[in-house]
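Chain B: place on chain A using the hints.
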Amino acid sequence: MSISHDLVQKLPDGNGRFGPYGGSYVPEILVPALQELVINFTQAWGDPTFQQAYHELLETYVGRPTALTFANRLTEELGGAKIYLKREDLCHTGAHKINNTIGQILLARRMGKTRIIAETGAGQHGVATATVCAKFGMPCIVYMGAEDMERQHLNVMRMKLLGAEVRPAVSGSQTLKDATNEAIRDWVTNVRDTFYIIGSVVGPHPYPMMVRTLHEVIGNEVKSQLKQAEGRSLPDALVACVGGGSNAMGLFGPFLGDSSVQMFGVEASGEGLDGLHAATLTLGEPGVLHGAMSYLLQDAEGQISLAHSISAGLDYPGVGPEHSYLKDTGRVSYLTASDSEAIMGVKLLSSTEGIIPALETAHAIAALPSLVTQFPKDAVLVVNCSGRGDKDMGTISNYV
Amino acid sequence: MSSALANHILGVAASGEKALGVFVTSGFPTPAETLSILNAIDEGGADFIELGMPFSDPLAEGLPIQHSSKVALKAGITMKQTLETARKFTAGSKTPLVLMGYANPIVKYGLSNFFRDARSSGVQGVILPDVLPEQDSPFLLAARENGVDLINLIAPTTPEERIRFIDSISTGFVYAVSVTGVTGSDLGSKKPIQTYLKRAAEILGHNPLLVGFGIRSHADVVEMAEHTQGAIVGSALVAVIDALWEDGSLSSLDRLKGVKSFVHELKYGISHG
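For the protein sequence lines, the chains are A and B, in the order given.
When we follow our numbering, the leftmost residue of the first sequence carries the number 1, and every step to the right adds one.
When we follow our numbering, the leftmost residue of the second sequence carries the number 1, and every step to the right adds one.
Okay, chain A solo, but in the shape it has when bound (with noise of 0.2 Å):
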């Protein structure tokens, strides 16, 4: 199969290192269950067993392949490079967070595991937890930053309706760093019987790559559709949102050894680069949070500094470590868009193309105007459309 292929050529390395990032730094407990973790991924990612049930539960239950939509109304009203987007927010549960959760859950069952926890921001991915649970009746505790459940009280109604138990994280923050921390704390205490469905590209080894892995679905899409709608798989530039950076690898991943495919990130600059923001990044330095060494947002003790997003899902200190790798290495550039440029973008979709979308994704949206105009006109950008914007009207009204 192409995809294990890829597996080989890709870093990490063994360590699970994408040049000095990544790796794992976890409590001695975690050790045996990462190495198993690492034997059965990759089994299972071999054993056409699993794939089968992994693309069936993407097609019959997520709704994949999502489309690849032509933004001709966006691509005319900023005269640029043609707009694609692909249509994450089609998947059920409204985001791209699905595809990884699928397959994790798969996993855990062949793992034999009995109990399921996450952590959770914005509550995109505990919902698309608490889904996969309830789809295959395993209970389901999901984590989240006390702050958050209020900003994100429908997502918390979801998740309980379809039987997880919230937990609110009380320490630090209140917000996904310490819905993290309290998630490993948990899998520290209960680790012989519990699998952690991690939600993003972050982690200690192998999550940054099985995450990725798990999400190339979306980039492998977009390769044969858009085949399909220009007669050429590969665009001349790739977009998407990057708070931990998952949708962003999804995207990225089957493009990283086209090298004429150019790509960008945007970052949440939040108020602005000289206030609260969370472009890790763009303005943080190399160290280590949540089991892996990564570019971080922090003072000069090495404590970690608060992040700031209008959008709940990008507001991380942290990063996944391929980006860090990715940016230093200077195969993807990243940008910034600030949470009134995510309104503008929000509005700027809704207006011409007639889909909200999630803050997260409008950060990308944002990026476009001064984007597509680096480029001819006939050549093409395909946009990570992530996620939809439901969860985020309450927000939004604040500023229509």
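Since the hints were derived computationally from the structure, they do not count as laboratory data.
As the structure is a computational prediction, the values presented were derived from the model and not from experiment.
Certain hints may be false.
[Unchecked claim] Calculated cross-link-like contacts (lysine-lysine; reagent style DSS-like; alpha-carbon spacing at most 27 Å):
id	chain 1	residue 1	chain 2	residue 2
1	B	Lys-190	A	Lys-113
2	A	Lys-113	B	Lys-191
3	B	Lys-88	B	Lys-70
Then chain B, alone, in the frame of chain A:
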């Protein structure tokens, strides 16, 4: 490998006692009081002391040490202050001092700078629960270069072959985590813990073995250290300090007496007058 810390622990064990390690968070409740608290722990009879370097996201800690770290950071504790406190303590006491903390503040400080400054502050060992033992890791190389013991942990989930590897790569002692959990966890049924510790003690050939996490009392120390050279108490003392400092009716002398008396009871099973 000869380590002064290992020899010290083996010396205590040879005298028929169990070595008692006591943990406290640097800067808790305030940076100015840490030195007096270390001295009180020392006077109470601790055989060595672990000074915690606070981190904003301490993965392996339960609520008491999470809380103490947060309080210390709020009070403005810095790595330089912690090292300075270590220097002052070790200048006045022969009791070994080790530092315990997380990777990021040390990466930020610079690995060789950190181990160099730890050494010159009289620190004998360093425990980093989120840094895995690895042959030739930059942490290990920097520790060795500066003559500081890098103390690694084992857990109930660690296979025998890996225990052997961890023993071979560690100096000072090997830290056995009692249960799968965070610091201050409930020990639950003690039989399986003792079985695991007995097996680990039989495997170790280079280092003393100490057990920690969830040990609260002298009775716990005696029971848990049956197959080890000693035990480590952290969360329980941090909770005691929290209560002593919350009690507005106590003078600072009373509070330090309370710390000393708690440690004395941990070590000897009788409170100190």
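These are the hints, each one checked on the structure:
1. B:Lys-190 - A:Lys-113: 25 Å, holds
2. A:Lys-113 - B:Lys-191: 25 Å, holds
3. B:Lys-88 - B:Lys-70: Measuring from Cα to Cα gives roughly 24 Å; hence the hint holds.
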